[in-house]
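Take a look at the letters that make up each chain.
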Amino acid sequence: MNDALYTTLNLGPTHPATHGIFQNVLTMDGERIIDTEQTIGYIHRAFEKIAERRPYYQVTTLTDRLNYCSSPINNIGWQMTVEKLLGVKTTHRIDYMRIILMELARITDHLVCNSVIGVDSGALTGFVYLFQERERVYEIYEQLCGARLTTNIGRIGGFERDFSPEVIKMIYAFTDRLPKILHQFEQLLMRNRIFMDRTINVGPISAERAINYGFSGPNLRAAGVDYDVRVTSPYSSYDDFDFTIPVGTNGDTYDRFCVRQEEVWQSLKLIRNALDNLPEGKHYVDVPEFYLPPKEEVYDKMEALIWHFKIVMGEIGAPAGEVYHSVEAGNGELGFYLVSDGGRTPYRLHFRRPCFIYYQALPEMIRGGVLSDAILTMSSMNVIAGELDA
Amino acid sequence: MDNAFITGKLKTRFTDGIISTDETSDMLTVVVSKEVIHDVIFFLKENQSLGFTFLTTLCGIHYPEQKLPLGVVYHLHRFEGNEKIRIKTFLPLKNPVIPTVTDLFSAADWMERETYDFYGIIFEGHPNLKRILNVEYMDYFPMRKEYPLEDQTRHDKDDRFFGR
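Those protein sequence lines, which keep their order, are chains A and B.
So the mapping is simple: our numbering equals the position in the first sequence, first residue as 1, plus 3.
So the mapping is simple: our numbering equals the position in the second sequence, first residue as 1, plus 935.
It is possible that some hints are incorrect.
[As the list claims (entries may be wrong)] What the simulated footprint calls covered on chain B by chain A, stretch by stretch (three residues with Cβ under 8 Å from a Cβ of chain A suffice, anywhere in the stretch; the number is not a length):
no.: 1; stretch: 941-947
no.: 2; stretch: 975-984
no.: 3; stretch: 988-994
no.: 4; stretch: 1039-1045
What the hints contain is simulated information worked out from the structure, not anything from laboratory work.
Heads up, the beta-carbon is just placed ideally off N, CA and C, and yes, glycines get one too.
Let the sequences and hints guide you as you build the complete structure.
Structure below.
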């Protein structure tokens, strides 16, 4: 083996096909990839350090920016972690509202990933179709909380405001409309000869290796392991609902695509079920130490004014202890390891970011393949730079 | 599989290596000495009756006031019965060396690099131990508690008034 025969190719840090800022230094033998070295950290913002100086309720602005394609899941996951530490039990209404939002976020996450797999294999049309639908979800967020991408949605103990009739109407309209578009998208790609040739057996990983690499989410399920946090450790009343966890067999790009596609259908079903059965009640539970009182009360009620002041000034400590809580985020098990010493801020907060953990398997998955397959493998893994670098 | 079974297994196998066990938090937490950490993880993963085959997280923690201030926390997961276990080990500030678990879990590779990057914990036997998220010429370990985040010239936000 003579190294002089190989060429070095820099893929990234800014390359249109990497969909995010990370670099791969590829050692190539003609079109074949011999090896790759990954460089990450280009958008590292030290969230874990910043979180050690922030009152609990201010951490949602950080979790927003982890996986920015599905920020509500991150936010709600964090809020549930704090609730677990505080021992707060939420009502079914809050749980169902959370499920609706988290599943909407999962749909947008999967739509982005799958439509981009299409783009990277040369089919731009599907991308345009699906991005229009993603826009509808962002309009729902906007109606609900005023923001679109980094939503800062939800509060410790529930939501800042209830679903308005308009929001419910918009969600129903979305779930009515999406199936048609999704069918069209699937007709474009799923049994398309070119697409299948480009994705089947591209970037495969065995179930055993995937577990060893700490894979989770659709990437692990595509390899044939039926691990989904929503089912194994149900949170937010997911156990009230009946839904299927799709699994693949080969763990290749095509299986990852199909698993995500089926999960979108399941999410749609979950949203419809949760919305149809949405219980009556308040949109928050009684946690005066962490949930900001309604603004009207702050003006003329002593108690509310005191809590408002104490929360905003970040004077309230959480009980000492440690918890690990995880949710099924768009691309896997998003975990929060929270250590509290009784102070007003987390003593230590570690995010288990699924794509940070599974992205390290990329060299093994693309070695020996061609460059164009490597691009597809990377986009099918759904690596989101914000989550990767935290 | 209940916690008593796991602690029993660990205590018979490692006797003095197990410093303490705690069941008061959300999952079984075991503090072990750094001499046996690799063997404990290996035992938990490979023993037929245990089989914690999934490394959920690996991260560092810093308690400046402790005798052994630096810590490494492992969360392991057993899919079959959906059991989780938290393993902790503590190290001195000077020369914090601990054996790597990359030979057991490929997932540990970047997690250990991240822990090294943030806390300066040296994982002996790691194939490529260098900084991962921060720049390579950085000469300190930013997550240690001696590096406070806020501007030290500000006096209007005195920590004593906020419980820390």
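Chain A covers the stretch 988-994 of chain B, three or more CB atoms within 8 Å, holds or violated: holds (count 6)
Are 3 or more residues of the stretch 1039-1045 of chain B near chain A, judged by a Cβ distance of less than 8 Å? n = 5 at 8 Å, threshold three: holds.
Are 3 or more residues of the stretch 941-947 of chain B near chain A, judged by a Cβ distance of less than 8 Å? violated (count 0)
Checking C-beta pairs, does the stretch 975-984 of chain B have three or more residues closer than 8 Å to chain A? As far as the stretch 975-984 of chain B goes, the hint is violated, because 0 residues have Cβ atoms under 8 Å from chain A.
In summary, the numbered hints that this structure violates are 1 and 2.
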